[in-house]
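Heads up: the protein sequence lines correspond to chains A and B, in order. Take the first sequence: its position 223, counting from 1, is numbered 223 in the working numbering, and each next residue is one higher. Take the second sequence: its position 165, counting from 1, is numbered 165 in the working numbering, and each next residue is one higher.
Worth flagging that the hints you see were computed from the coordinates, not collected in a lab.
Note: identical chains are not told apart, hence a pair may lie in one copy or across any two.
Capping the alpha-carbon separation at 25 Å, the derived lysine-lysine pairs in PhoX-like fashion look like this:
#1 K163 with K97
#2 K48 with K32
#3 K228 with K97
#4 K186 with K150
#5 K185 with K150
#6 K47 with K21
#7 K307 with K32
#8 K32 with K75
#9 K21 with K75
#10 K254 with K291
#11 K186 with K217
#12 K180 with K150
#13 K21 with K32
#14 K228 with K185
#15 K186 with K101
#16 K163 with K247
There are 2 protein chains.
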Amino acid sequence: MATLRIPDVVPSPVEDCERLKNAFQGLGTDEKAIIRILGRRNAGQRKKIRETYQQLYNKSLIDCLISELSGDFRKAVILWTYDPAERDARLANEALKSRKKSIIQLQVIVEIACASSPHHLVAVRQAYCSLFHSSLEEDIIANVSPPVQKILVSLVSSYRYDKAVVDDDIANEEAAILHKAIEAKKLDDDEVVRVLSTRNKFQLIQTFLCYKNNYGKSIDQEIVACGKGILESVLKVVVWCIDSPEKHFAEVIKTAVVGLGTDEDSLTRAIVCRAEIDLMSVRAEYFNTYKSSMDNAIIDDTSGDYKNFLMTLLGANI
Amino acid sequence: MATLRIPDVVPSPVEDCERLKNAFQGLGTDEKAIIRILGRRNAGQRKKIRETYQQLYNKSLIDCLISELSGDFRKAVILWTYDPAERDARLANEALKSRKKSIIQLQVIVEIACASSPHHLVAVRQAYCSLFHSSLEEDIIANVSPPVQKILVSLVSSYRYDKAVVDDDIANEEAAILHKAIEAKKLDDDEVVRVLSTRNKFQLIQTFLCYKNNYGKSIDQEIVACGKGILESVLKVVVWCIDSPEKHFAEVIKTAVVGLGTDEDSLTRAIVCRAEIDLMSVRAEYFNTYKSSMDNAIIDDTSGDYKNFLMTLLGANI
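All chains, please: the whole structure from these sequences, using the hints.
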């Protein structure tokens, strides 16, 4: 369930644009107004606002936000204002072009490939081609080394059947295939890649269940036990994003806020990308796993407009 | 260039539907009217006719055609009347479910993956999921053996960048990768699959050109020289469908009409699928390669309404 709260009576796109325009004018920027408007509109409403703003003022709303805002607040508002497919294409590109390629970056690709609908994934691939003059797959190949490269290319190329059709025989059979590969520590085996990148989500959840029932341990534990390399980390995220995305995103948020510093990019991504999807379940999962409040952890680690914006996406009345 | 001819003044969908309805009524069916109407409308117009027919008579136009027509004529008219993405999803499914899996069947998948636009390929995958309750990739895996399986799954999963962005260094580099694999007769090498399934069409055409310039022989000849197996045949079709689809479809038509019998399924598919795309170029390529007229070959090998329908799609005034 989503955390995003939309007012009972939503102003027209023209009204929203006029208020945004006002918020940009004068000496200071009225950040609170921006949060109040954009932070309480769904993707369809934000699209209409972007289009209306362009028509009314012959200017891109995104460009105005870029010039008016700054820091983590700016990044969060802009990601939220983009069309979700364009947002994810940009996040993927940023991850691939970053000098570091640890799990922090590579998990962004896995989230798009495994924790989105097949339809959204295709839209991201289309947006990627339009924005960056090469395909997402080509950029993965150019920027990620094998064997992770092969896995990511196959995952982003998937177009899974999206209804709950499950075959128990296949689940048992493919649990055995996965178990054999994990036992042999051949995590990049063609068959593993095939199973994870072609089967529908419901079928894979059943396969993971069979794995646990037939071999005594959960597949993510067994993958992690294979080693501490990037391949193991990526495959663990694949399993979580398919099996229970809320578990994955709870962990992303926890990792972002834990310790002294904060990883604002990961925190922003998790909140912005899931506020309209399952952030309520992420919150519940966070509480169950870490025995503490996710919202409080975010409040403690952020401040100012950035904090207010994230809290608004989390449903708070700022 | 297309061969399909649309009249200067196109009747409204309602008029077309009324005439189709009349053609179905009475003792016999008026096949000529059906050919005259459907055989002279483009995909968008046929879509409107399908929708209008359903609204006017609360019946599916496709179902009426199934019950009114017969034989190869029926098959051709129905394939032509489907939405192109649904048509190709059905063709792919028929090919995968057929008992024989020679190049005659498997090339259908290659055509969809390599001789269509990225957008159309995605639409076919979506239609496939809707119609057959599994993904195209899953059905390839269930019905085609390795190593061809791996190649087909990667090709249908592609979403190539669709503009003419070409990098000469990459072309030379990847021509060398392909040459090394062909020399070693490792046609299903991961790198071969990667290059063929992720690079844009224009880049691949340049890579094939580099191959010829750098190694003296064209890549399709070298692939064929590797052996007479299904893997070599499939890869040759991949190269042709990317490099010059008109060459491939000219060969499909020639093979369909050559000798005593006719392969009506392949002939129908080539004409129906390319009439709106490049059938004019296929005709020219046929003439250049076989020094004879494609249209005459088809006239000699077909008869009756089936012949008239194919000729109409080829632009003739029947």
